[in-house]
Amino acid sequence: MLLVCRCVFVYSWSISCLSFICLFFHVQIDRMGQKDPILEEEVKYRYNNVISHYRKSFIQDNAQRVSPLSFELEATLKLARFLCRREMAKEVVELLTAAADGAKSLIDASDRLILYVEIARLFGTLGYHRKAAFFSRQVAQLYLQQENGLAAISAMQVLAMTTKAYRVQSRASDSKHSLPSEIGPSHADGGKMHHHSVVSLFESQWSTLQMVVLREILMSSVRAGDPLAAWSAAARLLRCYYPLITPAGQNGLATALKNSSERLPSGTRCADPALPFIRLHSFPLQPSQMDIIKRNPAREDWWAGSAPSGPFIYTPFSKGEPNDTSKQELIWIVGEPVQVLVELANPCGFDLMVESIYLSVHSGNFDAFPIRVNLPPNSSKVITLSGIPTSVGHVTIPGCTVHCFGVITEHLFKDVDNLLHGAAQGLVLSDPFRCCGSAKLRNVSVPHISVVPPLPLLVSRIVGGDGAVILYEGEIRDVWISLANAGTVPVEQAHISLSGKNQDAVISVAYETLKSALPLKPGAEVTLPVTLKAWQLGLVDPDNAAGKSASGSTGRQSKDGISPILLIHYTGPLTNPGEPPENGSSVPPGRRLVVPLHICVLQGLSLVKARLLSMEIPAHIGENLPKPVRLDNGSTEEVTISESKADGLVKIDPFRGSWGLRFLELELSNPTDVVFEISVSVQLENSSDVDNPSVDQDASELGYPKTRIDRDYSARVLIPLEHFKLPVLDGSFFVKDSQADGTSSGRTLSFSDKTSKAELNASIKNLISRIKLRWQSGRNSSGELNIKDAIQAALQTSVMDILLPDPLTFGFKLSKNGAGHAAKLDSPKESNVQVPSTSKGSVLAHDMTPMEVLVRNNTMEMIKMRFSIRCRDVAGANCVEGDKATVLWSGVLSGVTMEVPPLQEVKHSFSLYFLVPGEYTLVAAAVIDDPNDILRARARSVSSNEPIFCRGPPFHVRVIGTA
Amino acid sequence: MASTACFIIVSRNDIPIYEAEVGSAVKKEDAAQQHQFILHAALDVVQDLAWTTSAMFLKAIDRFNDLVVSVYVTAGHTRLMLLHDSRNEDGIKSFFQEVHELYIKVLLNPLYLPGSRITSSHFDTKVRALARKYL
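Line by line, the protein sequences are chains D and A.
For the first sequence, the residue numbers in the working numbering are 24 to 986.
For the second sequence, the residue numbers in the working numbering are 123 to 257.
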């Protein structure tokens, strides 16, 4: 056969014959189905021969009418096709490159087009897709040079084939679409990818080429009249390459999008999203009114531990960060609207009108509500997209459905996440959100969302206004909180707890009221009274008070976070009616209602200072001795005069006498602009009148008349402290001294000392706690002023003086015969003198008046002493002794030596004869012999040989008659 | 100096990480795009050819019209590609070798993520200087 070939070979005009032979071989080889290398070599040789012949003829005979170039190219292409295998790639590439070179010499554009088509096909067959794409683009350009619609369609179709190689393919043609989905999960769990995988995400970022190709696709599809393809190309171009396009170009693309959509039927969907860029912003936490708490069916108190009890509602140590949505599971409830925040960005230079945007949910159990958004140029916006879960199950939100530029597209969050990730690594041109001025956002991945059956929903309302409760410091008031079940399921369990700061401001919560109202049917309402007591302002933050005094206004304090919070955990029935009870693991969750009690504390009445005052008011001498009111009435030997007791605290009864009367002075100021009325009350312990049941219980709490303090005024209140004396002066109160004494050593004593010291402290506390200062302002504000600390501070230095009795008490009284005389004498005079009360103990002048002095030993030991009685006139001069003595006496008045047994009284009688009527004062004083340490300690003597004096209270004597 | 020369560095992931028109010809946008298209298409040829030789400089591997593509493949499979119309092979080889050294310096920068775009202006200046010197 080869021989025949050689024989018939004739130069010049037998080339076509030769090529025919080549074709013949070609067919032969194909028929044999296997490659014979020898035969292949032969074919190659023949083809090359033919090609070289054509070339020669071209050079030789230029003037030939039919150019042999086309034949040469044809032969080259045929050879290339013959060799077109992976192993022969190098040769084929050379052949095709040579063929492409020949295109320059082709005059006819359609010839060139055909040549390029063939080259592109052969490269494609070889697996050189980029080469194929390159020549396809050449083809498309040639088509586009032809001014007709069919050519444009062809151009468009050819260009569409190149998109894969240039990686600008439409999502619709990209069937596998696997790359992002592969990346997705690793992205979610790690957040940190390998650099290589990140880089591979943005493989072939030949942005210049890609833009050119997309632009050509856009041009060709516009010319070809395919609006959807045009829209898609413009959308891809705008979305991916907006940073490289000038604002004018961006506007042009937007116009192209609009123009294309006008030619599309409404409701057309396109696989390629345009603008805006959408990323997931966050899943807003459930409003505190509807918090969902997982319920542990095994525990009765499932709410315990579900909320941190500290002052912070969300602590870093609580279970799961609330913002960490990747780990968190979200629970949505059928029929309750939910919200998802997404961020939109329009990085382009035109106004973007998003006709509607809504969450795209493929699981079919979610109704999304579309909204309309307008995005100004270069702006980003966080919008809330909402919807309602319709049935139990899981919900996945891959992205949003957007109706923009007249076409409906789906924007996946994942794509933008990848884009942002690439931007963070510097692999993508620009971060669309950052260039719009939006802050960098942590990657938010869609949490696992499950939808549960309906739950009850409590809604709280503070009866009488939802604003802050304005209270003055220390004010006590009730507020009513109304709870209504707005859900469709009854509330079966409820539990109230307190949280936040100032929890002790809530005195009581009527838990029982709530409990008795259960189960709370849908629509039902229950009202709970809550008793509040306003806290002290100064204790909360002193700087606020300082600032307020500087500004001079009564500043309101309604800062967040200082008010207590009521937490109400509640839940519906364990299983829903009409549903089969599922396995125990899936108990419907409970809920938590957070009711912040907005308490606004105003500065109210304030205690400026507390001071201890001492006064000596002389007692009037009378038939009876002054009655000391003891702490412990059981041990006192004297019966108290109960009728005078109540007013005894208010008025000084001169006949009852007073010995070292002490007052607690409270200075109060009212910086507010309302009027306060205060009342001090002293609670009397174990209402002393066991022997006098006629006295009602009110007597056990002695009230003083109310004091009114006007705005911006101060007032002082005096509280007599005469009621707080201990009956016995005991060594145990001076622990230190008794220990230094050494005579009474041993642990038993120190133990008893300690206990009595504790008793003393307790009694001081007791004393303080019994003084109460209540205030009232207007009709419904009332409270109590906290004065404990102030009193304690005031009493600290002199508490011993107040509580401990003197070692000796002295009491004067008229002896019986003299008293009777005096009374007899007094009775007719009562009306004349006009002062009946004072006439009672009066003494007549020029009359021998027998008197007695009672000396009482208040200690546990015998006291030896010398005592003397003095009588002074109004001027204070001694009127018993001296030259001008106006009083005569019988009996012993000075230097009386006496021994008084412990807790006993000794009477000493004497008589006085007043020469001049008037006012006299009797005072008894004693020097104690051999005082023990207790007495020394009581007298606060420094040295051991210092004499211990003891002076009784002065007694007043009114002498009437004529001089 | 060559009238047309488009230099490009393509990372192992086929991403262009550096592009420069280093020719003396008046720059036209269309031409620049065409250069990139040719270089992009030449990647297919490089892909096969790189494994057939141990040399880094692959010489002229592809051409379109009058433009020739010379390629230098580094050990890390980063491709330095030059599209040119002159036939100064020695100059091109020297150019590639020097740019390779510069590229290694860039890689040594701990802040440079391998495979990402080279934005260093110093690198750019140096490359252009080398182009003036050798091409």
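I should point out that these hints are in silico values taken from the structure, not numbers from a laboratory.
Be aware that one or more of the hints could be misleading.
[Unchecked claim] What follows is a set of in silico ranges between Cβ atoms, one per label pair, in the way DEER data are often shown: (1) D:Gln362 with A:His244: 44 to 54 Å; (2) D:Thr413 with A:Asp246: 51 to 61 Å; (3) A:Leu229 with D:Arg108: 35 to 45 Å; (4) D:Ser453 with A:Arg254: 46 to 56 Å; (5) D:Ala271 with A:Arg254: 55 to 65 Å.
[Stated by the list, open to error] Stretch-level coverage of chain A by chain D, calculated; a stretch enters the list once three of its residues show a Cβ under 8 Å from a Cβ in chain D: (6) 157-163; (7) 166-172; (8) 197-208.
Ideal placement from N, C-alpha and C gives every residue a C-beta, glycine not left out.
Hint check results:
In this structure, glutamine 362 of chain D and histidine 244 of chain A meet the distance hint of 44 to 54 Å, their C-beta atoms being roughly 51 Å apart. Between threonine 413 of chain D and aspartate 246 of chain A the beta carbons are some 59 Å apart, a value that agrees with the proposed interval 51 to 61 Å. At about 38 Å, the CB distance of leucine 229 of chain A to arginine 108 of chain D agrees with the hint of 35 to 45 Å. The hinted range of 46 to 56 Å is not satisfied by serine 453 of chain D and arginine 254 of chain A, whose Cβ atoms lie roughly 32 Å apart.
A hinted range of 55 to 65 Å for the beta carbons of alanine 271 of chain D and arginine 254 of chain A is inconsistent with their spacing of about 35 Å. For the region 157-163 of chain A, the proposed coverage by chain D is satisfied: 5 residues have a C-beta within less than 8 Å of a C-beta in that chain, meeting the threshold of three. With a cut-off of 8 Å between beta carbons, the region 166-172 of chain A has 4 residues touching chain D; three or more are needed, and the interface restraint holds. Beta-carbon proximity to chain D at under 8 Å applies to 0 residues in the region 197-208 of chain A; the threshold of 3 is not reached and the given coverage is violated.
Comparing the model with each numbered hint stated earlier shows that hints 4, 5, 8 do not hold.
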